[in-house]
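Its first residue numbered 1, the sequence shown is counted upward by one per residue in the working numbering.
Take these hints with a grain of salt, some might be off.
Here are the in silico distance ranges between beta carbons for each label pair [as the list claims (entries may be wrong)]:
#1 170 - 302: 28 to 36 Å
#2 269 - 132: 44 to 52 Å
#3 249 - 136: 39 to 47 Å
#4 120 - 306: 55 to 63 Å
#5 264 - 113: 50 to 58 Å
#6 129 - 220: 53 to 61 Å
#7 333 - 293: 19 to 27 Å
#8 181 - 116: 44 to 52 Å
No wet-lab data here; the hints were simulated from the structure.
All C-beta atoms, glycine included, are put in the ideal place defined by N, C-alpha and C.
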Amino acid sequence: MIRLVFTLTPMVLVAGAAAAQDHGHHAPPARPAVQPSPQTPAADPHAGHVMSPAQQPENSHAGDVAPVRIDPHAGHDMSVGHNAPAGPPEVPTSADDPGRPRQPPPPAAALTGPAHAADAIWGAERMAASRQMLLLENGGMGATAVIVDRLELSSGGGEEGWTWDVAGWTGGDINRFWWKSEGEGDFDGETEGELQALYSRAVTPFWDLQVGVRQDVREDGEDPTHLVLGVQGLAPYWWEVDAATFVSTDGDLTARVEAEYDQRITQRLILQPRIEVEAAAADVPELGLGSGLTHVEAGLRLRYEIAREFAPYVGVEWSRELGETADLTRAAGDEPEHTRFVIGLKAWF
Numbered sequence: 001m002i003r004l005v006f007t008l009t010p011m012v013l014v015a016g017a018a019a020a021q022d023h024g025h026h027a028p029p030a031r032p033a034v035q036p037s038p039q040t041p042a043a044d045p046h047a048g049h050v051m052s053p054a055q056q057p058e059n060s061h062a063g064d065v066a067p068v069r070i071d072p073h074a075g076h077d078m079s080v081g082h083n084a085p086a087g088p089p090e091v092p093t094s095a096d097d098p099g100r101p102r103q104p105p106p107p108a109a110a111l112t113g114p115a116h117a118a119d120a121i122w123g124a125e126r127m128a129a130s131r132q133m134l135l136l137e138n139g140g141m142g143a144t145a146v147i148v149d150r151l152e153l154s155s156g157g158g159e160e161g162w163t164w165d166v167a168g169w170t171g172g173d174i175n176r177f178w179w180k181s182e183g184e185g186d187f188d189g190e191t192e193g194e195l196q197a198l199y200s201r202a203v204t205p206f207w208d209l210q211v212g213v214r215q216d217v218r219e220d221g222e223d224p225t226h227l228v229l230g231v232q233g234l235a236p237y238w239w240e241v242d243a244a245t246f247v248s249t250d251g252d253l254t255a256r257v258e259a260e261y262d263q264r265i266t267q268r269l270i271l272q273p274r275i276e277v278e279a280a281a282a283d284v285p286e287l288g289l290g291s292g293l294t295h296v297e298a299g300l301r302l303r304y305e306i307a308r309e310f311a312p313y314v315g316v317e318w319s320r321e322l323g324e325t326a327d328l329t330r331a332a333g334d335e336p337e338h339t340r341f342v343i344g345l346k347a348w349f
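Use the sequences and the hints to build the structure in full.
Right, here's the structure in full:
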């Protein structure tokens, strides 16, 4: 009997709770229908209810039970997600103020003391020497460099020869003395070249203006001296450019532009295209030059940097005399066009 009581008691409690909560099967007591008169508007079954736009039926009728629409985004933060603007929020900073926050002017007493406050303690003479030393140790020091751009042997067309193109400078970041020398020769003893001495001044962060003199050296013929005016620097896309005009003591005007670019393939392997163009304003028969473009030279060199300061290379170079200069070259018994294979060394110290 006791077991039966313990068995039935939970079932009775559960059934009673269900009956207390479930009134869906009981119909509410009937209310007398109110017939609206023509002058009285029909009562709104939703009057007094606060309904969101999503819960309002599109076409509800009096007496009907309006379906409740659940907003799928209810409780979501709509500042992020589908409707969020792209990128970070716009937060004003001091950079948005073109003039930045205005600072009050310094007091008048701040400008009445010495130009350097330390002079009042250590003395103007001692501090002037200290400031000069600080300037030298932070960018004003002099330096010297020697650059061997090309030192190579060439072979092609049954001819063998050698070429040099070296330069150096000494000075600071703004003012420098440059010297440049380049030329070529063959193993028969014929050599011709030039030497330049230039004052160089940095006029922009990437360009130097250079002025000086150039002396030509030839085995046979004249050795003219020229006044040099040129620019040297780094052009867009990392082309190293050296351009100059030359006026000889005889009044002959010539020009030359050299450009080269280092395409790094690996940390040590570098491919360098190089081009050189020369021109003359008038005929110079004693130098074998005609007016206009006189010479063009294009090469491709592949070098390997054993160290940053020491890099052997191999390559190929094509050159041609142009216009009247080509005619003068043929008249002298030489060919105006050459293709050569080169092997050489690039270094600096």
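Hint-by-hint comparison with the structure:
For the hinted restraint 28 to 36 Å between residue 170 and residue 302, the CB-CB distance of approximately 31 Å keeps it satisfied. A beta carbon spacing of about 45 Å between residue 269 and residue 132 agrees with the range 44 to 52 Å that was offered as a hint. Taken as a hint, the range 39 to 47 Å holds for the pair residue 249 and residue 136, whose Cβ atoms sit roughly 40 Å apart. For residue 120 and residue 306, the hinted distance range of 55 to 63 Å is satisfied, since their beta carbons lie about 57 Å from each other.
Here the CB-CB span from residue 264 to residue 113 is close to 54 Å, well matched to the stated 50 to 58 Å. A beta carbon spacing of about 57 Å between residue 129 and residue 220 agrees with the range 53 to 61 Å that was offered as a hint. Between residue 333 and residue 293, the C-beta spacing of about 22 Å keeps the proposed range 19 to 27 Å intact. Distance hint for residue 181 and residue 116: a CB-CB separation of about 46 Å, consistent with the stated range 44 to 52 Å.
Checked against the numbered hints above, the structure violates none of them.
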